[in-house]
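First to last, the protein sequences are chains A and B.
For the first sequence, the positions run 1 to 479 when this note's numbering is used.
For the second sequence, the positions run 1001 to 1479 when this note's numbering is used.
For the record, the hints were derived by calculation from the structure and aren't laboratory data.
Just so it is clear, CB atoms sit at the ideal spot from N, CA and C, and this is done for glycine as well.
Please note that the accuracy of each hint is not assured.
[To be verified] One-sided and incomplete, this derived list gives chain A residues near chain B with beta-carbon spacing under 8 Å:
hint : residue
1    : V36
2    : E46
3    : A64
4    : P67
5    : V139
6    : Y479
[To be verified] In silico BS3-like links for lysine-lysine, alpha-carbon gap of 25 Å or less:
hint : chain 1 : residue 1 : chain 2 : residue 2
7    : B       : K1461     : B       : K1441
8    : B       : K1315     : A       : K57
9    : A       : K311      : B       : K1057
10   : A       : K336      : B       : K1123
11   : A       : K371      : A       : K5
12   : A       : K342      : A       : K371
13   : A       : K461      : A       : K441
14   : B       : K1050     : A       : K62
15   : B       : K1062     : A       : K314
2 protein chains.
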Amino acid sequence: MKDKKAFQRKNFSEWYIEVIRAADLAEYSPVRGCMVIKPYGYALWENIQKILDEKLKATRHKNAYFPLFIPESFLRKEKEHVKGFSPQLAVVTYGGGKKLEENLIVRPTSETIIYASFSRWIKSWRDLPLLINQWANVVRWELRPRLFLRTMEFLWQEGHTAHATHREAEEEILRILEIYRELVEKYLAIPVISGIKSDTEKFAGALRTFTIEAMTQDKKALQMGTSHDLGQNFARVFNISFQDANGQTKYVWQTSWGVSTRLIGGIIMVHGDDNGIILPPRIAPIQVVIIPVWSSKEKKDERTIREKIEKIRKKLEENDIKFLVDDRDYFSFGEKHYEWEKKGVPIRIEIGPKELNQRSVVLVRRDTSEKRMVSDISLGGEIKETLDLIQSELYQRALNFQKRNTHRVNSWDEFKKTIKTEKGFLKANWCGLSECEEVIKKETKATIRCFPLGEERKKGKCVFCNRDSFQKVIFALSY
Amino acid sequence: MKDKKAFQRKNFSEWYIEVIRAADLAEYSPVRGCMVIKPYGYALWENIQKILDEKLKATRHKNAYFPLFIPESFLRKEKEHVKGFSPQLAVVTYGGGKKLEENLIVRPTSETIIYASFSRWIKSWRDLPLLINQWANVVRWELRPRLFLRTMEFLWQEGHTAHATHREAEEEILRILEIYRELVEKYLAIPVISGIKSDTEKFAGALRTFTIEAMTQDKKALQMGTSHDLGQNFARVFNISFQDANGQTKYVWQTSWGVSTRLIGGIIMVHGDDNGIILPPRIAPIQVVIIPVWSSKEKKDERTIREKIEKIRKKLEENDIKFLVDDRDYFSFGEKHYEWEKKGVPIRIEIGPKELNQRSVVLVRRDTSEKRMVSDISLGGEIKETLDLIQSELYQRALNFQKRNTHRVNSWDEFKKTIKTEKGFLKANWCGLSECEEVIKKETKATIRCFPLGEERKKGKCVFCNRDSFQKVIFALSY
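Looking at chain A on its own, in the form it has when it is part of the complex:
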C-alpha cells in the first residue's frame, strides 16, 4: 500500500500550508499576519457556527454585538488582564482625520467592553443569569502567524455570563466545556482531553481556565476551546452588582469562553494526508461529489448518464445529503478526481458507460481510498451509512492515535527522552510549583496542557523535583 503520509511526516509545517492551498481554504493576505478565508474554508466555518449556535441557543444563551473598539482605559482596569494582552494590541490613534484624545484598542477579546454594559444591565437577581454570546472578529498581534492556528485577526465566538453564585458560574463553565467537547468530538471527529490549565497557562484575569486539548498528527497538543472561571475579578473593577431577593447588594460571578477558526486548523492537522485535507461528513460543505465520465463523442452516453444523475439527485435530496455534480466539461476526469481528493470530500461517486450497463455506480471513500460498486437501488441508504461510518472511523482512528501516543513517565530522564523521541502527551506527576513548570518548559519546550478532569488524585512524586505531588498532568509540545 502506498504511504499517504510521507510528506506529512517529513515536514509537517510545509505539508499543512500546502494542503490548505491545495484545498482552496485560505491564504495569507497582503496585510502581514492576516488571512483571507476563501469560500470553501468559510463554508466549513459556517457549518461549525451553525452547530454551535444551535447548541448555545438551546441552553438559553443569546447573541448580541458589542463594539470593535475598546477605550484604552477600560482595558487597564483589570491588572492581570491588561498585562496578558498588552504585547498583542493593535491601536487606533487617528479617527476622522484627527488625533484621538484617548487611543482605541481593536478588541483582542471583549471582557472589558462587554462588562461595561453588564454593569448597566444588571440590577436585580431577576436579571440573572445573564447569558450572552457574540460572534465576532478579534485582533491579536502575532509575530509568527500560521493559517487558522494563529493569525492576527481571527473569527470566533466569545460567551460572557453573569451569575448570582459561584456554584452556578461553575456549572455554566462545565456546561460549555461539555458543549465544546461534543462539538469537537461528534462533529469534527477529533478526540480531546478535558481539563484545567495550570496558573501559568490560564486566561489573563481568570481564577481558573478549563480547556479541551487535541493531538495533531505530528503529536503536538492543540488547544481547541477554553472556558474561564472569572470569579468576581471583573465584577469588582467594573462594578457589576445586583440586589438579591433579600435586598442585599452583591457582586456577580462571571464566566467567559470561546472557540475560533482555529478549529479548522485542528480538522486539517488531525485528519489530513498527503493527498489533501479529509473532512468529517458532519461538517463537510460537500459530502458527496458525483463525477460523470463520458467521452465527448458519445452523445448518447452523456444523455443516459445525465438521466441517471437526475435519479440519484432525488435520492440524495430525500436523504438530506449535501452533494455536487461536477459536470464541468473543461476539466478531465483525472483533474476532477484530484481536485475533490484535495478538498477532502468524504465520498466520490463515479458514473461511466460501464456502470450504466451494470445499473450501478462506483463509490470511493476519501479517507480509506476504498472503492466499490454500489447498485442503483441501494444507493441512497448506502451513501448515508457510509457517511456515518466515515464519521465514526475518523474519530476512532484519531482516538487510537492519541492513545498510542500518550505516555506515562515516572522520571525526569524518561520525560526528556520521551518528549524528544516520541513526543505526544506525557502523563506525569507535577508538584504544582511554577518554578518546576518553567524549568521543564525551558529544557524541553513542553508545557502543561491540563490537569485532566476525572483523574484519580493519587500521591506521587513530581517528575522533575521529586517533591510530593497529588495529581498527574499532561505535558506536551504545543501549537
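With chain A's structure known, arrange chain B on it following the hints.
Relative to the frame of chain A, chain B by itself:
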C-alpha cells in the same frame, strides 16, 4: 380613538431614541459613535441575515472573509474611492507595541482589500463570474451618530462580483437590487422606490449606483440598500484581468452592493408608534406572546391554564410560529402587557379564568390594538392568518403613506413650499447639472434620492433652472 402618534409627530428624533430604548434593541456604548446591539435587536438582525443569506446562496453567491485592516497604500489606488472615504477613516498606527511602517485602515468598505485577492484569483474566463459576499463589521467615523442609521461601526454584508462583460455585470446589479427590494418589501413590509443615484450621490469609485429608497413616518427618505456598477475602475488599478476563450487578456467588469443594520432603523421609523416599535411578523424574533392571567391564590386556575397553554404550544409549533410564554411571576399583567407592546410583538394572547370557561383566548393585534375572542379549536389557523394579515396591512399602510406624501412639483416656488410644509418625496424635472443640484440642496436641504427605474422619459423643464430636462427625479430630505 387615542392618538398613538402624538409624541412621534412632536419630536421624531426623541421618539426614535425612546422606542429603541424601551424595546431594548440597542444602546450607545462608551466608545463615541459606537453602539451595542442588544439581544432583541441582534435577533432581528439574525432574521434579516438568514433571509438574505439564503437568497444570495440561491443565486450562486459564496460567502468568504477578508481582513479587517487595509494597508493605506491600497486605499489610495483608486482616486475617487479614497477621496470619498478619507474623511471617515479610523487609522491603526501601533501594533504589537511598535509604530507601524505603514498605517492600517480599519475597513470602511472592502473593495480595495478584496480586489487585491481577486487579482490573484482570476486568471481565465473559467473563473468568471466570481460571486463573493462577506458578512462583516465596517468602521466610518461619524460626527453625528444615530442608533442603527449612522454609527461609527456597523454590521453589513458587502457583495463583490467580477464578470466577463459589462452586460453581465449590469444584470447582476439589477438582480441584487431586486433581491434587496424583495427583502425589504416582502419581509420588512417597507415599500421602496428603486432607482439610480445622481453622480453627486453615487458611491465613490463607481460608474453608477442603484438604490432602494424608503419613506419614514417623518416623511424623509431613507436609503435602504445600494448596488454599484464599478465598471472597470478597480479592475484597472488592481489589475484584475482574465484570458477569454480566444486567449485575449481583458479586464473584468465589477459590481459591489450592500445592506446594513440600518435596515433595523428603517423598520422602526416606518412602522412604530408612541407605544413602541411594531415588528412585521415575518422578521419578528417573537411572533406571538402568551400571557397567562391568574391570581396567586387560585392554584387551581394556574394548573388549568398551564394545561391549556401546553395544548396551544403544540398548535403553534405545528404551525411553525415563533412564540414565548411569559409566565414570570414577579411582573404584573400590566407590566407584561406594556413590555411586549414596546417590543412590537405582532400578536398577544391573553388567557385568564374567564377565557378558560369559554374555551377561548383573547387575541390582541399590536399594530391596530384590535382585540377579539378566538375559540380554542380554530386558534392555530387563526393566528397564522392574522400574522399574514398584519404583514400585508403593515406594508399597505406604509405604501399608502408613501403615495400620499409623494408630490409632483412643477415650479421652484412650489418645490420650496412643498419641501418646507409637506416634506415627503418631490417628483420634479431636473436638468442633470450638478450646479443646480447643489443650489437646491443648499437652499432646501433636499437631495436627489434617485431617478426612479421604469419612469417614462418625457421632455420637461428643470424645476430650478428651467433648462430642458428629460426625466423626473425624486428629491427629499433624507437620513
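Each hint tested on the structure:
1. V36: 5 Å, holds
2. E46: 7 Å, holds
3. A64: 5 Å, holds
4. P67: 4 Å, holds
5. V139: 7 Å, holds
6. Y479: Y479/A check fails; min Cβ-Cβ to chain B is 20 Å, beyond 8 Å.
7. K1461/B with K1441/B: 18 Å, holds
8. K1315/B with K57/A: 22 Å, holds
9. K311/A with K1057/B: 24 Å, holds
10. K336/A with K1123/B: Roughly 19 Å separates the two Cα atoms, so the pair holds.
11. K371/A with K5/A: 20 Å, holds
12. K342/A with K371/A: 17 Å, holds
13. K461/A with K441/A: 18 Å, holds
14. K1050/B with K62/A: This hinted pair holds, its Cα atoms lying about 16 Å apart.
15. K1062/B with K314/A: 24 Å, holds
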